[in-house]
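Chemist: One line per chain: the protein sequences are A and B, in this order. What the first sequence shows, in full-length UniProt numbering, is residues 1 to 259, in sequence order. What the second sequence shows, in full-length UniProt numbering, is residues 1 to 299, in sequence order.
None of these hints come from the bench; they were simulated from the model. Where hints are given, some of them may not hold.
[Said to hold, decoys possible] Over 10 Å on every C-beta distance to chain B, these chain A residues come out as not near it, computed from the model:
1. Ala55
2. Leu57
3. Thr64
4. Val65
5. Gln73
6. Thr75
7. Ser83
8. Lys88
9. Ala161
10. His190
11. Lys217
12. Arg225
13. Asn230
[As the list claims (entries may be wrong)] Below, a list of computed lysine-lysine pairs in the DSBU-like style, where the Cα atoms sit at most 30 Å apart:
14. A:Lys126 - B:Lys32
15. A:Lys126 - B:Lys280
16. B:Lys280 - B:Lys102
17. B:Lys280 - A:Lys89
Keep in mind that this is a model prediction, so the values were computed, not measured. All C-beta atoms, glycine included, are put in the ideal place defined by N, C-alpha and C.
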Amino acid sequence: MGPKIRASAVERYFGTQSDRVHALGPLDLEIEQGEFVCIVGPSGCGKSTFLRMVAGLINPSAGTVEIDAKTDQPTAMVFQDYSIYPWKKVLDNVRFGLDLAGVPKKEGNERARSYLAKLGLADREKSYPATLSGGMKQRVAIARALAVEPEILLMDEPFAALDAQMRQILQEELLALWQADQRTVLFITHSLDEAILLGDRVLVMSSRPGRIIASKKVPFPRPRRGDVRNTAEFAALQGELWDLLRHEVEAHLADIGSK
Amino acid sequence: MVSPHLQAQAVAETDRIESQAKLVREARGIDKDPVGYARRRRILFTILGFGVPILILGFWQIAAQNGWINAKFYPSPLDNLRQLRQMFDKRDFASDLGLTLKRLAWGWLWGSLSGVVFAYVLGMSRVVRAAFEPTLNALYTVPKIALLTPFLIIFGFKDKPVIILISVTVFFFVWVPTQAGVMSVSESYREAATSFGANGWQMFRHVIWPATLPGLFVTLRVAASVSVLSVIGIEFAYAPRSKGLGYVINTARQTFEPRIAYAGIFVAALIGVIFQAIVKQVGHLVVRWEKDDRGAPTV
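If we strip away everything but chain A, and leave its shape as in the complex, we get (with noise of 0.2 Å):
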């Protein structure tokens, strides 16, 4: 069987002939089925380009991304500004996905409230989104995005606009639900402790035009919980990752910097 996500020789390109900026590629890569991987790398280095294309939001300049699919839509995303509609109450947001595959509505309902209780906000189903919290919207999003059962699920630093506390709190939510059911997730973040913690396998970006330059395989063993942060393997790793990372990070300054 082959890898779940291939990409091969993706390139993208930005704006009109006289200014045009080159954001992303080459880039190669294979994701397996049921692999959980991170990405980081500086800002602009075109990792939510490369995680747009694969939902089908963005196609490539050139090359092509290869997606081992069984469905029509066999992605589903968790945006960082959550997306989630204010004029639909918190049920009907996460049914979204639902309704649009034409799920009857009594079915959308009882899997909608299957992933709410999940969430841990079975008692806010009428609630308009107007009346939660940050952190309560956002896992209104990761609900609608796993109601759809999606082979793939890509999260585009969904929890980048939380507190700390919520942060941990939202990442070892996932991480419990993703060892439940073991779908292949995309995951974009500028955290490497986040990386590390979620990820089967951490891909670092170099700054534009945006390239793999390491993959490094996560080696705690499953199921994990947040305390591996203590261990000294993960400070290890975070080292390494960091030691990469901000040798882009201040190429990218340095590139800011020349114009």
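Position chain B relative to chain A; hints supplied.
Modeler: Same frame as chain A, but now just chain B:
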């Protein structure tokens, strides 16, 4: 640096403030009884809303009675009311009013409907926009009242051309801002739907329509007042069967009866107020996720 002397003075002043007026934070009316507070505020705001126009009318009445203003040109509110009653009794004003309301309602409805349909179709499809927008923009600048003449010739000297002309006027007031609203729906809302595989209809039903609904109701209120304006204006120029509110106001000019004109203007204003209030209320009922103007969630 602050001199020791000044420092000592500042300390002394602080002491005095503490001993004389302690700053206390405690529950006030709104904190102790938020429900009752909200109810009292609602009552107060209602009294203010009706009280201010009543005061103005009262002052006008007194000014006219005491001869501070010329009652022939500015007849008092009570005179206007008496005048209005006479008009209902003597000249079958009810049928004028009925005809105007009918023209107004149909004109607003057709104009708004067509404006909304064009706004969403053009707003969501680049191809349709490229095909129709330049033509519509050209028509936008045509003074609509000038179309009355060809419309009367084409559709006959009946209500139909009047209703069509109101619709055409309302159409542009609805189409322009609504399309702008459709096109400014947040990219992140669209992308979230695309990422779940939404097709065009689903994008409209789940994202574009609800995202633009609050703005649409503001536009429909504007359209309500525009349709009142147009129906009166058109009836000034031509009123089928020589009946209608605009016709009554206009003939009052020829017969030099400012009282009739005022009575008519009062009725036109009342129609506008009621019409707008209805549209606004429907909007409140439909747009349940927005906070209302008192800052509280509507549900």
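Chemist: Now tell me, hint by hint, if it's right for this structure.
Modeler: Going down the list of hints, with the structure as the test:
1. Ala55: With a cut-off of 10 Å, A:Ala55 comes too close to chain B, as the shortest Cβ separation is near 5 Å.
2. Leu57: violated (6 Å)
3. Thr64: Per Cβ check, A:Thr64 is outside 10 Å of chain B; nearest 20 Å; holds.
4. Val65: holds (15 Å)
5. Gln73: At roughly 4 Å from the nearest Cβ of chain B, A:Gln73 sits no farther out than 10 Å, so the non-interface label is violated.
6. Thr75: Nearest chain B Cβ is 7 Å from A:Thr75, so the label is violated.
7. Ser83: violated (4 Å)
8. Lys88: violated (8 Å)
9. Ala161: The claim holds: A:Ala161 sits with its nearest Cβ about 13 Å from chain B, beyond 10 Å.
10. His190: holds (19 Å)
11. Lys217: Since the minimum Cβ distance to chain B is about 29 Å, A:Lys217 lies beyond 10 Å and the statement holds.
12. Arg225: holds (30 Å)
13. Asn230: holds (36 Å)
14. A:Lys126 - B:Lys32: Judged against 30 Å, a Cα distance of about 27 Å means the pair holds.
15. A:Lys126 - B:Lys280: holds (25 Å)
16. B:Lys280 - B:Lys102: Holds. B:Lys280 to B:Lys102 sits at ~20 Å (cutoff 30 Å).
17. B:Lys280 - A:Lys89: holds (22 Å)
In this structure, the hints that do not hold are numbers 1, 2, 5, 6, 7 and 8, in rising order.
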